[in-house]
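*Asks:* Going down the list, the protein sequences come from chains L and W.
Counting from 13, one number per residue, gives the positions in the first sequence under the numbering used here.
Counting from 28, one number per residue, gives the positions in the second sequence under the numbering used here.
Warning: the hint list may mix true and false statements.
The list that follows gives simulated cross-link-like pairs (lysine to any residue, SDA-like), each with its CA atoms no further than 25 Å apart [as the list claims (entries may be wrong)]:
#, chain 1, residue 1, chain 2, residue 2
1, W, Lys89, L, Glu142
2, L, Lys787, W, Lys89
3, W, Lys80, L, Lys787
4, W, Lys122, L, Asn71
5, W, Lys109, L, Pro147
6, L, Lys74, W, Asp87
7, W, Lys74, L, Lys787
8, W, Lys80, L, Glu292
9, W, Lys109, L, Asn71
10, L, Lys74, W, Ile32
Away from chain W, derived, C-beta distances all over 12 Å, residues of chain L [claimed, not checked]:
#, residue
11, Ala63
12, Ala65
13, Ala91
14, Val141
15, Glu145
16, Ala184
17, Val198
18, Asp259
19, Leu298
20, Arg453
21, Asn641
22, Gly708
23, Gly712
24, Ser714
25, Tyr718
What the hints contain is simulated information worked out from the structure, not anything from laboratory work.
For glycine and all other residues, C-beta sits at the position ideal for the given N, C-alpha and C.
These are the residues of each chain, in order.
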Amino acid sequence: MIHKTSPEIGGMGHSIKRKEDLRFIQGKGNYVDDVHLPGMVYGQLVRSPYAHARLKSVNTEKAKALPGVLAVITGEDLAKANLAWMPTLSYDKQMVLATGKVLFQSQEVAFVVAEDRYTAADAAELVEVEYEELPVLVDPHKALDADAPLLREDREQKDNHIFHWEVGDRQATEQVFQKAAVKASVHAFFPRCHPAPLETCGCVADFSRATGRLTVYLTSQAPHAHRTVFALVGGIPENNIRVISPDIGGGFGNKVPVYPGYVCAIVASLTLGVPVKWIETRSENLQSTGFARDYHMTAEIAADRDGKMQALRVKTLADHGAFNAAAQPTKFPAGLFSICTGSYEYPAAFCEVDGVYTNKAPGGIAYRCSFRVTEAAYLIERVVDVLALELKMDPAEVRRKNFIPPEKFPYKSSLGWTYDSGNYEGAMKVALDKIGYQQLRKEQEEKRKKGELMGIGISSFTEIVGAGPAHSFDILGIKMFDSCEIRIHPTGKAMARMGTKSQGQGHETTYAQIVAQELGIPAADVTIEEGDTDTAPYGLGTYASRSTPTSGAATAIAARKIRDKAKKIAAYLLECNEADLEWEPGKFYVKGAASKSKTIQEIAFAAYTNIPPGLEAGLEAVDYYDPPNLTFPFGTYVCVVDIDKGTGEVKVRRFVAVDDCGNIINPMIVEGQIHGGLTEGLAIAFMQQIDYDESGNVQGGSFMDYLLPTAVETPHWETDKTCTPSPHHPFGAKGVGESPNVGSPAAFVNAVVDALSHLGVKHIDMPITPWKVWKVLQEKGVAA
Amino acid sequence: MALKIEKTFDIPEPVEKVWAILSDPRKVATCVPGAQITKQVDEKTYKGAIKVKVGPSVTDYKGEVQIVRLDAQNHEIEILGKGQDVRGRGSASMKMTGKLRALDNGGTEVTSESEINVIGILAQMGSRVITEVSNIMFGEFVKNFQARLQQPSDAPEAQASGAESTPIDAKSLAWEAAKGLFRGKA
């Protein structure tokens, strides 16, 4: 257990209010679009209306002639500087501005720069582009057909296949399936969805001809990584690049990739010598930036008659769009999808994924998800319910029979992950008790007799977060450690900087609480700063629930380094041996003589005013933390739905979320994270899809078609927790931001399918719209 | 984005009079809001243009109209139209079948079936908006068509001479479409 500090110190476990909210709720945040520099001009992208077309000509004359227009950049212009293409974060490349042809609707074709936004927008309309339409590939299942149009003519490989990836023991798994008494299978499509952060992407690129320095204000979840990419792609010395990620209005993975708009703004600023601002519109954000999922998955379970699982087999087709621009660790082309064994024990498992190109926007990893864990968790939790149906067994019972038992941790899964700790049955018990599971089953039985439709859905998910150990995790070769630097000022106040970057997670509060916990300096006296690459230590940024597992750990360890030095100073001040000192949060005291003590503030002052001989002045430390393993948060979510037989509308009556993310830094912030993630999960399950018609037109490209949940649609969330600390993390925390988005879709879908299972329904693909449910009700002859 | 639109309406004019207009793309074009025939290529092929403005988005299609089938006996016509936006903002094609039936009251029933395929900026607005826009345009067309019938049959084809056409007054198109949606009109 974590020692709880006083409320004045406000260390771990205190629900202190978020420091950053003071400015956010007053509208005093400082986002990229709030940046106004002298002489700043504005960029606007011209985008392709076609999903696949030969680019015959781009005529910029009329646009250039418009008063106020400063430049129009085309793909051909960039090609002269060898910048028409840029590397993606997955060892593919993508076009910055199109040359030769366009490969998805809304692809970037030209960049107009003008003195003001309105002129830039008007001039973009004047750019005349001549296209010749080409056959469009929308269905990933047809991508590998012999007669499929070849999308990527730039590659040596002349087909639309990106990668084949497999893990596990194919043969052993086959053998189990051949002899299996019971088999369950499901084809589940996790639709393409989009995080739609409140703030769209954008930047201000400011190149100074006087100093030769490039400053980029960027909507970036990973400012250091972006600085390195800009240096590598643009050939600018890295010391001459400063990336500043100011306040970020939600990221969810959408702000990890490098987008063509950033590169164009930088090129324009280098060319014109003035600051260039580029900010996306909402539709540009939805139509062209990092989407999520788009996985067509098949899962099969082989089991005994009594419900004990024997093997798992998973086959997936991954639709990556026109370029493989998924931001993910190098060694994992399908991310961490092989966590698809979930919370269960299988003697054998095999998983394979094929990635293909289609005429859709690139991306493929984003949305509050540790590299495909959402797809994996959804799939396994869905197929376990199908197995329960096959066995005619209660879905909670099937789970209980197959959970990895607490005593088997650390547990090595048959697909190769070593789970750090878990108590799955414990979390499920709390959830089922809280919702009154047995009573609900009785109610369901009675309702079915009356012809009413009610369902209960369980999801006992396991996460895999905190990427990751340097031995297997890197992005473009950069190892996925993260960092913290702490400076204690003479008056005992502190400043700490990290390589991560908050986008609303509350880092300014939670990191300060870690420092408070470790050093006893009140959290209120600790200022946290992230996002400026000139001042913060190098790090890989915030996504994949990695901040607490990596930078959080680095913060604790940097603080402990400071405490070690503070102890030396205290011994000097108290004229005793270090070995005679005891620590309690905020002070060292002499064993057996508690009145002889020095507070951390006194020690800090001495570090600058009364330095022990032989010791360096100052009180600072930096730590680059390479986690020994990932962390594995988990939980059980239970959802109760009622279905209207007249309209097909699904009403979420109750939703209980029991999370276990190990030791908690700030319970209120964790609860807020869970509320937000559940609401996003609700939207994914019932409302959202970025769909494409047969011509490749985006059908979810505005908030008219891509729906966001409001307070009206959102049910009351009931949360609870269990606590199974991570054994390898410095303070036993695991990361939680993504759990609700990862775990909840299966709970919603399982509840809907459970409501209809007695009619023979085994699966319905998301988004489960009223229309989709109504069609099922019609088919089954039960519509009112 | 493919759409199928089927419409039937009655006109209090004899079938032959209606057919005289419907069978001539130059005359029909004068009734389509924002459309014009700019040139006759051959007996069955015409060059034309249509301007559609939905909210802030203007598309200016230029292309060809072709009479695929003309059955004067049964009063049926099949037209194929294809166009590209002049500034590269997308393309559209349409296959329309028009059919006339004499009514007992001396009037004519007009039935039309259109398959429209839209690619680009307009298509992104989604089928709900585009269907509404089509409905509004069709309503305008019927009004114009009836007005055209009131004119003497030898009236000059004003727009066929190449004069600039006015796009449909579309300041209201997006708004009308939105209202249509909220009314739940299909």
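*Asks:* Does each hint fit the structure? Answer for all of them.
*Replies:* Each hint, compared with the structure:
1. With a C-alpha separation of about 13 Å, the suggested pair lysine 89 of chain W and glutamate 142 of chain L falls inside the 25 Å cut-off, and the hint holds.
2. For the given pair, lysine 787 of chain L sits about 41 Å from lysine 89 of chain W by alpha-carbon distance, which is inconsistent with the 25 Å threshold.
3. Straight-line distance between C-alpha atoms of lysine 80 of chain W and lysine 787 of chain L comes to about 35 Å, which puts the hinted pair past the 25 Å bound.
4. For the given pair, lysine 122 of chain W sits about 31 Å from asparagine 71 of chain L by alpha-carbon distance, which is inconsistent with the 25 Å threshold.
5. For the hint pairing lysine 109 of chain W with proline 147 of chain L, the CA-to-CA distance comes to about 17 Å; that is within 25 Å, so the pair holds.
6. Taking the CA atoms of lysine 74 of chain L and aspartate 87 of chain W, the gap is near 17 Å; set against the 25 Å cutoff, the hint holds.
7. Taking the CA atoms of lysine 74 of chain W and lysine 787 of chain L, the gap is about 44 Å. The hint is violated against a cut of 25 Å.
8. Distance restraint check for lysine 80 of chain W and glutamate 292 of chain L: the Cα-Cα separation of roughly 23 Å lies within the 25 Å cut-off, and the hinted pair is therefore satisfied.
9. For the hint linking lysine 109 of chain W to asparagine 71 of chain L, the alpha-carbon distance of about 23 Å falls within 25 Å, and the restraint holds.
10. Among the hinted pairs, lysine 74 of chain L with isoleucine 32 of chain W is inconsistent with the structure: their alpha-carbon atoms are about 37 Å apart, more than 25 Å.
11. Consistency note on alanine 63 of chain L: stated as away from chain W, yet its beta-carbon is not over 12 Å from all of that chain's, at 8 Å minimum.
12. Residue placement check: alanine 65 of chain L does not keep its beta carbon more than 12 Å from all beta carbons of chain W (closest about 9 Å).
13. Distance check on alanine 91 of chain L: its Cβ is at least 20 Å (rounded) from any Cβ of chain W, clearing the 12 Å threshold; non-interface status holds.
14. For valine 141 of chain L, the condition that its CB be more than 12 Å from all CB atoms of chain W is violated, with the nearest at approximately 4 Å.
15. Consistency note on glutamate 145 of chain L: stated as away from chain W, yet its beta-carbon is not over 12 Å from all of that chain's, at 7 Å minimum.
16. The Cβ of alanine 184 of chain L lies farther than 12 Å from every Cβ of chain W, with a closest approach of about 48 Å, so its non-interface assignment holds.
17. Every beta carbon of chain W lies more than 12 Å from that of valine 198 of chain L, the smallest distance being close to 30 Å; the non-interface claim holds.
18. Every C-beta of chain W lies more than 12 Å from that of aspartate 259 of chain L, the closest at about 30 Å, which supports listing it as non-interface.
19. The beta carbon of leucine 298 of chain L sits about 10 Å from the closest Cβ of chain W, which is not more than 12 Å, so the claim that it is off the interface is violated.
20. Residue placement check: arginine 453 of chain L keeps its beta carbon more than 12 Å from all beta carbons of chain W (closest about 38 Å).
21. Distance to chain W confirms asparagine 641 of chain L as a non-interface residue, since its nearest Cβ pair spans about 45 Å, more than 12 Å.
22. Distance check on glycine 708 of chain L: its Cβ comes as close as 8 Å (rounded) to a Cβ of chain W, failing to clear the 12 Å threshold; non-interface status is violated.
23. Separation of glycine 712 of chain L from chain W is inadequate, the least Cβ-Cβ distance of about 8 Å not exceeding the 12 Å criterion.
24. Non-interface status of serine 714 of chain L relative to chain W is broken: a Cβ of that chain comes within 12 Å, the nearest being about 7 Å off.
25. The claim that tyrosine 718 of chain L is not at the interface with chain W is violated, since a C-beta of that chain comes within 12 Å of its own (minimum 10 Å).
Hints 2, 3, 4, 7, 10, 11, 12, 14, 15, 19, 22, 23, 24, 25 from the list above are not met by this structure, while the remaining hints are.
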